[in-house]
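Counting along the sequence shown from 1, when you hit position 92 you're at 92 in full-length UniProt numbering, and nothing is skipped either side.
Hints are computed from structural coordinates only; laboratory data are not their basis. Any given hint could turn out to be false.
With a straight-line cut-off of 20 Å between C-alpha atoms, the simulated PhoX-like cross-links for lysine-lysine are [what the hints assert, rightly or not]:
1. K49 to K130
2. K34 to K242
3. K49 to K76
Keep in mind that this is a model prediction, so the values were computed, not measured.
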Amino acid sequence: MKNAIIGKKVTRSEDLEELVTNSLKKSIEEILTKNQRIDLIEEIRKRNKKPYVIVFFGVNGVGKTTTIAKVAYLLKKNKISCIISASDTFRAAAQEQLAYHASKLEIPIVKGKYGADPASVAFDAINSAKSRNIDVVLIDTAGRMHIDEDLVSELKRIVKIAKPDLRILVLDSLAGNDALEQAKYFENNVGYDAVILTKVDADAKGGVILSLAYELNKPVIYLGVGQDYDSLIPFDAEWFIKRLFSS
Numbered sequence: 001m002k003n004a005i006i007g008k009k010v011t012r013s014e015d016l017e018e019l020v021t022n023s024l025k026k027s028i029e030e031i032l033t034k035n036q037r038i039d040l041i042e043e044i045r046k047r048n049k050k051p052y053v054i055v056f057f058g059v060n061g062v063g064k065t066t067t068i069a070k071v072a073y074l075l076k077k078n079k080i081s082c083i084i085s086a087s088d089t090f091r092a093a094a095q096e097q098l099a100y101h102a103s104k105l106e107i108p109i110v111k112g113k114y115g116a117d118p119a120s121v122a123f124d125a126i127n128s129a130k131s132r133n134i135d136v137v138l139i140d141t142a143g144r145m146h147i148d149e150d151l152v153s154e155l156k157r158i159v160k161i162a163k164p165d166l167r168i169l170v171l172d173s174l175a176g177n178d179a180l181e182q183a184k185y186f187e188n189n190v191g192y193d194a195v196i197l198t199k200v201d202a203d204a205k206g207g208v209i210l211s212l213a214y215e216l217n218k219p220v221i222y223l224g225v226g227q228d229y230d231s232l233i234p235f236d237a238e239w240f241i242k243r244l245f246s247s
């Protein structure tokens, strides 16, 4: 932004304000669009691989389970079949929550006993998808504190066995700097390709989006803007900038 406005001539204070605002908007747009945007539906169809495997990461409370259900709904709406792997075998009720959504959406789910090996559940789901000619496998993972070393080992094992085509980190937009710290930790210890940001409808500005793009070079691909299955919208830089500059 500094480079863009140094040396520019302005006649009135209004022109100066407009110049600074427009330069700032342009700088933000460049940060947000420098990362390759991922269109999930297009990516799945283009890859032409069965099954296409997606693994979801995120700490407890970010809305990961609901997000997986929303993604499943999005796939179904686009006539892409999917199966859910309930690989969070650690948290009580995690599998039941996913099973509830799977039942409502009429989507198959593979579960394991509590305390079972999460990677084995993912492996079974992938094999089930192969035998049933299902397009996509959506893998849930445990979401204990992101600094839990046992969790990191577990996630690494799931990634090693499932060999996902896409790794999505789910973050809570209301978490602010905590969300950024979680993102850095997951990137350094497990690695991920894209972000889905939840609870954006309750966040006045959603500034963490800019931090993710600037500091981690990771694209935000979808925003959760409500509890309904269809309240998952593709991230749009122009929409975000308008929201950021709204009074």
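Right, here's what the structure says about each hint:
1. K49 to K130: holds, 11 Å
2. K34 to K242: holds, 18 Å
3. K49 to K76: holds, 17 Å
Checked against the numbered hints listed earlier, the structure breaks none of them; every hint is satisfied.
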